[in-house]
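Asker: Modelling step: build the complete structure from the supplied sequences, incorporating the hints.
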Amino acid sequence: MRLLHVAGLQAAYGPTQALFGVDLDVGEGEVVALLGRNGMGKTTTIRAIFNLTTPVAGVLEFGGDDIFRAPPHVIARQGLGLVPEGRRCFPNLTVAENLLAAARPGRWDKAKVEGLFPRLAERGGQFARTLSGGEQQMLAIGRALTTNPTLLVLDEATEGLAPVVRQDIWRAIQTLKANGQSILVVDKTLSELLPVADRCVILENGRSVWTGRALDVDVAVRDRYLGV
Amino acid sequence: MARETAFNIVLSVLLVAAPVATSLLGEPFYVTLATRIAILALAAVGLNMALGLGGLVSFGHAAFFGLGGYVAGILAVHAFNMEPMFAGIPGTKLMPVIWLVAIVACALLAFVIGAISLRTSGVYFIMITLAFAQMAFYFAISWPAYGGEDGLSFFVRNNFPGIDTLRPLSFLAICYGLLGLSLVFFHRLQHSRFGSALQAARQNETRLAAVGIRPFHVRLAAFVISAAVTGVAGALFADLNRFVSPSMLSWQMSGELIVLIILGGVGRLYGPVAGATLYVLLEFALGGITERWQFFLGLILLGVVLFARGGVIGVFAGRPRHG
Chain A
1 MRLLHVAGLQ
11 AAYGPTQALF
21 GVDLDVGEGE
31 VVALLGRNGM
41 GKTTTIRAIF
51 NLTTPVAGVL
61 EFGGDDIFRA
71 PPHVIARQGL
81 GLVPEGRRCF
91 PNLTVAENLL
101 AAARPGRWDK
111 AKVEGLFPRL
121 AERGGQFART
131 LSGGEQQMLA
141 IGRALTTNPT
151 LLVLDEATEG
161 LAPVVRQDIW
171 RAIQTLKANG
181 QSILVVDKTL
191 SELLPVADRC
201 VILENGRSVW
211 TGRALDVDVA
221 VRDRYLGV
Chain B
1001 MARETAFNIV
1011 LSVLLVAAPV
1021 ATSLLGEPFY
1031 VTLATRIAIL
1041 ALAAVGLNMA
1051 LGLGGLVSFG
1061 HAAFFGLGGY
1071 VAGILAVHAF
1081 NMEPMFAGIP
1091 GTKLMPVIWL
1101 VAIVACALLA
1111 FVIGAISLRT
1121 SGVYFIMITL
1131 AFAQMAFYFA
1141 ISWPAYGGED
1151 GLSFFVRNNF
1161 PGIDTLRPLS
1171 FLAICYGLLG
1181 LSLVFFHRLQ
1191 HSRFGSALQA
1201 ARQNETRLAA
1211 VGIRPFHVRL
1221 AAFVISAAVT
1231 GVAGALFADL
1241 NRFVSPSMLS
1251 WQMSGELIVL
1261 IILGGVGRLY
1271 GPVAGATLYV
1281 LLEFALGGIT
1291 ERWQFFLGLI
1301 LLGVVLFARG
1311 GVIGVFAGRP
1321 RHG
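Read top to bottom, the protein sequences are chains A and B. Counting with my numbering, you get residues 1 to 228 for the letters of the first sequence. Counting with my numbering, you get residues 1001 to 1323 for the letters of the second sequence.
Derived by calculation from the structure, the hints in this document are not laboratory data. In this text, a Cβ means the ideal position worked out from N, Cα and C, and glycines have one as well. Be aware that one or more of the hints could be misleading.
Claimed, not checked - Going by beta-carbon spacing under 7 Å, a handful of chain A positions derived as facing chain B:
id	residue
1	PHE50
2	THR54
3	ARG88
Answerer: This is how it looks when you write it as structure tokens:
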């Protein structure tokens, strides 16, 4: 079943248009990777889906419902869970409070999240701002999971983290996938991303220019769209 | 955290022991002083829910403090004169009923004020809450039925079942009881799911919306609860003085409540208690020396803001909980 349906999405920052037509679908239980060089509109696409950057035109549907320009909290309640770029926790809440603040009933709760990231259980009473970058990223993912999203959206989940920590995050993403979690993921580490992803959508200059199976992202595709 | 708890316990013990001791020594005036501390602290605990946890700098909480006071005054006067208010509803001299009416009245008023002013933020929120409080102030001044500018006196303190409220120590016990309840409530609120969401809304509302919670609703609920607590303090304040006047609704009163919290420690459980204690004691000690005691209060406030951002509690107990 199709969960997220994006067609012809356009978005602008004030007078500056950033997205000119993005098509993107995520099915149930599927992991879709959104790829592209820097500045091609990956984060803007995510922000436009959540109406954090106002979409200008196009179709945005989630679970069959129209979410185009719905208020962000309504979109989140529909079942979209965002892990924003830059490990955005609530810095002055404790780890435990971060995991409670937005929790909604379902499969994932604080204890389950701590099972996925044991490090968070050890740090329960600490303020989020005192965590390391990797721990904050785990917390941001955990916080999104406690809202029990149908579709988890990960924006640059491993950017700027130490290689060891990245491994932990990727392992967690693998675990989520194995549990049937639908995921839309933006990342630059192709070597880690491609084995997890079922399908890929590549953006260039604010348009989706290539869509296909992750297996088919070969050297030619990489050189054409992703090389530097 | 442990040092803060120790500080809180010491302050609680002092606040209970000092008035009891002075009362035994035949100096009941200090009991009144302690009662003033308790009531101002209660009002500030209410404001601390909005300001400390939610980051909502309400410059209009005097509206709720004053409304609570007028509820107590009006109900008491009607009961004393044995004339019904409107629609045949009688007044009452029963404190618990008065508190309940004050809570409901303040919650309703706060719902209206909050629903409008929470659409703004920052300096606009400060100004719009001030504007609402000023409206209440001028309304009270121009309403002759309940004393207008001169205020409203009632001659006997209201009753509490089983307690002689005219004994200063008994009334102090009631005030402490309510202050204690409010502190327990504040603590539970702060650590509840709602409290986490409220603090998250202060830190970043977009992030909160992105996880499915509408910041406006959380803030409105906090604003209403906060106003209700401050309203109860207003009712007690009226009972302490057996007098209500528009000055309870003035913007200076709103400012005083904010000052109490900043002095004590913003967002801290005992911040309002420490702040009210310091404020009332300074008023008493310095006020005996010079009429211009507020000049020195200003100097102290300046010192706290510049050098001790965590307030008195920050000085004793270290780093503020909220950076």
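Asker: None of the hints should be skipped; say for each whether it holds.
Answerer: Tested hints:
Evaluation of the PHE50 (chain A) hint against chain B yields a held restraint, the C-beta minimum of about 6 Å falling below 7 Å. The interface hint given for THR54 (chain A) is violated, since its Cβ lies 13 Å from the closest Cβ of chain B, which is over the 7 Å cut-off. Because the smallest distance between the Cβ of ARG88 (chain A) and any Cβ of chain B comes to about 5 Å, under 7 Å, the interface hint for this residue holds.
Violated hint: 2 only; the structure is consistent with all others.
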